[in-house]
Amino acid sequence: MALRIGITGNIGAGKTTVCRDFERLGVAVYYADVRAKELMNENPVLRRSIVNDFGPDSYGPDGRLDRAYLAERVFTDPAALARLNAHVHPTVAEDAAAWHRRQRGPYTLHEAAILLEIGSRDQYDGMIVVSCPYPIRMARVMQRDGISEEDFAARADKQWTDERKAAAADFLIHNDGRQLLLPQILATDRQLRRRAHQSLPAGV
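To convert, note that position 202 of the sequence shown is 953 in the working numbering; the numbers rise steadily by one, no gaps.
Be a bit skeptical, because a hint or two may be false.
Below, computed lysine to aspartate or glutamate pairings styled on EDC-like, alpha-carbon distance capped at 20 Å [to be verified]:
#	residue 1	residue 2
1	K788	D808
2	K788	E823
3	K909	E868
4	K788	D772
5	K788	D876
6	K909	D828
7	K788	D873
For each label pair, taking beta carbons as the anchor points, the in silico distance ranges come out as [as the list claims (entries may be wrong)]:
#	residue 1	residue 2	range
8	D828	R929	38 to 48 Å
9	G777	A904	35 to 45 Å
10	I887	V796	20 to 30 Å
11	R944	T768	17 to 27 Å
12	P841	R944	24 to 34 Å
13	I887	L937	33 to 43 Å
14	A837	N792	12 to 22 Å
15	A905	L937	27 to 37 Å
16	D784	A919	13 to 23 Å
17	N803	P884	11 to 21 Å
18	R944	D804	40 to 50 Å
Hints in this document: simulated from the structure, not taken from any laboratory.
These numbers were taken from a predicted model, which means no experiment stands behind them.
Backbone N, C-alpha and C define an ideal beta-carbon position, used for all residues, glycine too.
Using the sequences and the accompanying hints, generate a full structural model.
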């Protein structure tokens, strides 16, 4: 079976940009945050658990998740956010594992912002961390999302520090605008393909 590699990084680090380059190399990528939003709409068990916890207004008249309502409920209440994560993360983990089993290739990537924070490190055969200094990340996100420094800090404070994440990496990719991305991605890809080949049973 293919190696299962996690890829993470703090808000504004450029995880999606890096993942798109891996996809151009033929690597399958599971985008956990995107898939979580889909599952919150599509998975009946998850929908029921959200409604039971946060009320019927969690979904609008069209049956779609009311993200604004839910965000208002959880992002100023750490306990409520923890409950929401407890509903969502197991469903996403099950979905991601099934997706991984369907893939063909030497390795897959599972992209998510808080892989390390939720303690899922041991579920992967390796961890890539996309790293970028805080001031650059803040400038990127403020421009991208039109938010204030205070809003950025509130989001960033929910994640590990850059240093702690970098220390947990098996592969570190610097996206600081000074080092070229593609050579780092190609080097990481070569190492992962080599590791995958070495893990094959003899004679395969």
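We went through each hint and held it up to the structure:
no., hint, result
1, K788 to D808, "17 Å, holds"
2, K788 to E823, "16 Å, holds"
3, K909 to E868, "9 Å, holds"
4, K788 to D772, "23 Å, violated"
5, K788 to D876, "26 Å, violated"
6, K909 to D828, "12 Å, holds"
7, K788 to D873, "24 Å, violated"
8, D828 to R929: 38 to 48 Å, "39 Å, holds"
9, G777 to A904: 35 to 45 Å, "38 Å, holds"
10, I887 to V796: 20 to 30 Å, "40 Å, violated"
11, R944 to T768: 17 to 27 Å, "21 Å, holds"
12, P841 to R944: 24 to 34 Å, "31 Å, holds"
13, I887 to L937: 33 to 43 Å, "23 Å, violated"
14, A837 to N792: 12 to 22 Å, "19 Å, holds"
15, A905 to L937: 27 to 37 Å, "36 Å, holds"
16, D784 to A919: 13 to 23 Å, "19 Å, holds"
17, N803 to P884: 11 to 21 Å, "42 Å, violated"
18, R944 to D804: 40 to 50 Å, "43 Å, holds"
In this structure, the earlier hints numbered 4, 5, 7, 10, 13 and 17 are contradicted, and the remaining ones agree with it.
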